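K.L.:
For the sequence shown, counting from 1, position 9 maps to 1287 in the working numbering; every step adds exactly one.
The set of hints was computed from the structure by calculation and includes no laboratory data.
None of these values were measured; they are calculated from a predicted model.
Errors might be hidden in some of the hints.
Derived SDA-like pairs (lysine to any residue); straight-line CA-CA distance at most 20 Å [claimed, not checked]: (1) Lys-1282 <-> Asn-1312; (2) Lys-1336 <-> Arg-1362; (3) Lys-1282 <-> Lys-1394; (4) Lys-1315 <-> His-1345; (5) Lys-1310 <-> Leu-1298; (6) Lys-1282 <-> Thr-1413; (7) Lys-1310 <-> Ser-1321; (8) Lys-1441 <-> Lys-1281; (9) Lys-1315 <-> Thr-1413; (10) Lys-1281 <-> Ala-1303.
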Amino acid sequence: MIKKPGYDEYRPYFATYIDLVPDNADVLQLLKDNQQKTFDLFSSLTNEQAMYTYAEGKWTLKEVLGHMIDTERVFSYRAFVFSREDISLPGFDQDTYINSTDYNSRDIFDLAGEYKALRDATLYLYRSFSHEQLTRSGVASGNLVNVAALVYMTAGHELYHLKLVEERYQQ
1279 MIKKPGYDEY RPYFATYIDL VPDNADVLQL LKDNQQKTFD LFSSLTNEQA MYTYAEGKWT
1339 LKEVLGHMID TERVFSYRAF VFSREDISLP GFDQDTYINS TDYNSRDIFD LAGEYKALRD
1399 ATLYLYRSFS HEQLTRSGVA SGNLVNVAAL VYMTAGHELY HLKLVEERYQ Q
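Construct the entire structure; sequences and hints are all you get.
P.N.:
In structure tokens form, the structure reads like this:
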């Protein structure tokens, strides 16, 4: 089981995500369990439903899922790079990523399938890390973070957006 990182192992902003993961959780099992939940949620939508946004200027459900995919790719890539003792990566601007693609033109079931395949790859990667690799750190967006924190950030980021979808999109 991957131990939950201490507050000194990541920048305070990411506590928003890491704190959503229960203290005694098996984070890899949580990622696996939420894979099906997230896939079921988004793949059950019609394309029309997936175009819903709760307010002007907010993302559609397709864009929310696209953002979740983008962020998981970024977090898992950072974990991969830092686990190999490469110590610095550039930042990631979520709005630039969303604005540079057209998730709204894609079929929601295709997006859900991409998410599911990505999660499988993420789980294989995260399970491959040794204890030593999990403790390695690097700099992303100018902030020091370790590999274990990135694993927890992946899980917490998904929990954050699932809660957001439940509260703002499914009413």
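K.L.:
Work down the list of hints and note, for each, if the structure agrees.
P.N.:
The hints, checked one at a time:
A distance of roughly 18 Å separates the Cα atoms of Lys-1282 and Asn-1312; the hinted pair therefore holds under the 20 Å criterion. In summary, the hint linking Lys-1336 to Arg-1362 is not supported, as the alpha carbons are separated by about 37 Å, beyond the 20 Å threshold. Taken as a hint, the Lys-1282 and Lys-1394 pair is broken in the structure, with Cα atoms around 24 Å apart against an allowance of 20 Å. For the given pair, Lys-1315 sits about 17 Å from His-1345 by alpha-carbon distance, which is consistent with the 20 Å threshold.
Simply put, Lys-1310 and Leu-1298 have alpha-carbon atoms about 16 Å apart, close enough for the 20 Å limit, and the pair holds. Only pairs whose Cα atoms come within 20 Å are accepted, and Lys-1282 paired with Thr-1413 is accepted, the gap being roughly 11 Å. At most 20 Å may separate the alpha-carbon atoms for a hinted pair to count; Lys-1310 and Ser-1321 meet this at roughly 17 Å. Only pairs whose Cα atoms come within 20 Å are accepted, and Lys-1441 paired with Lys-1281 is rejected, the gap being roughly 24 Å.
With a C-alpha separation of about 29 Å, the suggested pairing of Lys-1315 with Thr-1413 is violated against the 20 Å cut-off. A distance of roughly 9 Å separates the Cα atoms of Lys-1281 and Ala-1303; the hinted pair therefore holds under the 20 Å criterion.
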